[in-house]
Amino acid sequence: MKEKYYTLYRNIVFYFTLAFAIYTLFGRFAVLHALVEHTVNPFLYVFAGLFGLLLFAIDFFFYRNFRKMKYYPVFIAFIVCAAVSSALNYSYGITSNLTTLIWLVVQMGLFATMGRLFTKEQYDRWLTLFFLFSGLIWGIASAVSLYQYIFVSGYHVFLNERSIRQSFYDNRLFGLFIDPNLGAFVAFLVIWGMIYLIHKYTNRLVRSMAVLNIVIQLLYIILSGSRSTEVCIILSLSYTIIYLLLRRYRRATHKPSTLFRVFSYLATPILCAAILIGFFTLFKAGASHFAKYMSPEKHTVKNELTRTDIEGNESNNRVDIWKGYLFLMKDKPLFGVSPRNAWEYADREHPDSYIAEHHYDVHNAYIAVLAGMGIIGFLVLLVMLFCILKTILPRSVDTENMDIQYFFALQIILNIAVFIFFYPGIFFTNGIDTILFWPAIGYAMQQRLPVSKPDESPV
4 MKEKYYTLYR NIVFYFTLAF AIYTLFGRFA VLHALVEHTV NPFLYVFAGL FGLLLFAIDF
64 FFYRNFRKMK YYPVFIAFIV CAAVSSALNY SYGITSNLTT LIWLVVQMGL FATMGRLFTK
124 EQYDRWLTLF FLFSGLIWGI ASAVSLYQYI FVSGYHVFLN ERSIRQSFYD NRLFGLFIDP
184 NLGAFVAFLV IWGMIYLIHK YTNRLVRSMA VLNIVIQLLY IILSGSRSTE VCIILSLSYT
244 IIYLLLRRYR RATHKPSTLF RVFSYLATPI LCAAILIGFF TLFKAGASHF AKYMSPEKHT
304 VKNELTRTDI EGNESNNRVD IWKGYLFLMK DKPLFGVSPR NAWEYADREH PDSYIAEHHY
364 DVHNAYIAVL AGMGIIGFLV LLVMLFCILK TILPRSVDTE NMDIQYFFAL QIILNIAVFI
424 FFYPGIFFTN GIDTILFWPA IGYAMQQRLP VSKPDESPV
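Read in the numbering used here, the sequence shown has 408 at position 405, and its numbers run on one by one without any break.
You may find that some hints are simply not true.
Said to hold, decoys possible - Between beta-carbon pairs, the in silico distance windows are:
#, residue 1, residue 2, range
1, Y158, V49, 31 to 39 Å
2, L208, K73, 26 to 34 Å
3, K73, D323, 34 to 42 Å
4, L388, F282, 49 to 57 Å
5, L11, L269, 29 to 37 Å
6, L279, R128, 54 to 62 Å
7, Y158, R207, 22 to 30 Å
8, H257, I143, 20 to 28 Å
9, D323, R70, 37 to 45 Å
Said to hold, decoys possible - Cross-link-like lysine-lysine pairs, in silico, DSSO-like; alpha carbons within 30 Å at most:
#, residue 1, residue 2
10, K333, K287
11, K295, K333
12, K287, K123
13, K258, K287
14, K295, K305
15, K7, K123
Think of the hints as simulated: they come from the structure by calculation, not from any bench. In this text, all values refer to a predicted model and were calculated from it rather than measured experimentally. We treat Cβ as the ideally placed atom computed from N, Cα and C, and that holds for glycine.
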């Protein structure tokens, strides 16, 4: 009987994850987020979490695909550590930690298992649909944000009892987004998505729209001043170029010397960084002159695209935030201060601390695990990372067996893994990064063809 409904179950998981991914994008616009934060969001996120948990339970007890996934006990160990930390810190709050545990199960269980079960054709379909919808949504939002840069003065909207900057403010383009860093990061993922669609479709109109969207997203990234996204771009392009060099060298009839190849690999990220910084700097100068020409009354400040919010504070408070969370962890080094209740812990136990005073998110997913789940939870995370890297690193340079879907899964993993050095996802939050990351992990961890030898030329 259960096999009779298996195709239906797989389709439900497919469209549930796709619909949730698209919905999370709308929540990144400040005005829309303000409308749904205390109205629709609580219901939808609870429903999505419980529905995702139900879908995972069906798989766990009936189809058992999760238990076939490589290294699944490490995922279970991580969830158990989060549960232990939550139980030990129950007096500081129950609901938020319980919600976090549910989403951890959904993300590491349902989302990753879905990726593991994807064939190349199914993952292609999921990526295609997501990039089509996200490209449309982000294309419109970024285009409006570019219009705001030239013609709309900066303003505030009030969200979650705090003021959110919008349009062009503090010499950077916030646009319509809650956070320009997240806005720019999703814009970079959309750029990769447009490249995917260009590779997939030969229709001139589709390709032209994709190229236009790439230009729009790139302009927003530059004007947003998001340094975290710039780091992602440098590392993402560096990997891409190194992979292309590897493929070229392996196919060459006369291979370059080992010294030359090593030098080219090492020089790639340096050149990428230099070119990107140089291009962004020149473009900002040109954009500033263009904006003054189009709207001189709104652009009167010299060097208006040089960020003023980080003068004397180059880390933008991140170092102090990280120190603040690690300060709380010293009280409970083994299992931490709970995945989601660090603010409550700081308010009650250290009312004069930096976190109690400012209530900042941790802005680093790895430190979030260390502070929230302690040394034991962080060690489990390191084991998880080791298991993942042990599998995907050899495959990331396997020029013989690489296909476009696997390459994009690696790009998603790489970019999100880098971005969360500066952002609180992907373990204790749910959003677009989590719903892209865990299916990509599942897909990348599939049993695949043997990795070709480094000196073996592809057929």
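We went through each hint and held it up to the structure:
no., hint, verdict
1, Y158 / V49: 31 to 39 Å, "holds (32 Å)"
2, L208 / K73: 26 to 34 Å, "violated (41 Å)"
3, K73 / D323: 34 to 42 Å, "holds (39 Å)"
4, L388 / F282: 49 to 57 Å, "violated (33 Å)"
5, L11 / L269: 29 to 37 Å, "violated (51 Å)"
6, L279 / R128: 54 to 62 Å, "violated (33 Å)"
7, Y158 / R207: 22 to 30 Å, "violated (40 Å)"
8, H257 / I143: 20 to 28 Å, "violated (50 Å)"
9, D323 / R70: 37 to 45 Å, "holds (43 Å)"
10, K333 / K287, "violated (44 Å)"
11, K295 / K333, "violated (52 Å)"
12, K287 / K123, "violated (40 Å)"
13, K258 / K287, "violated (41 Å)"
14, K295 / K305, "holds (10 Å)"
15, K7 / K123, "holds (23 Å)"
Of the numbered hints stated above, those contradicted by the structure are hints 2, 4, 5, 6, 7, 8, 10, 11, 12, 13, listed in ascending order.
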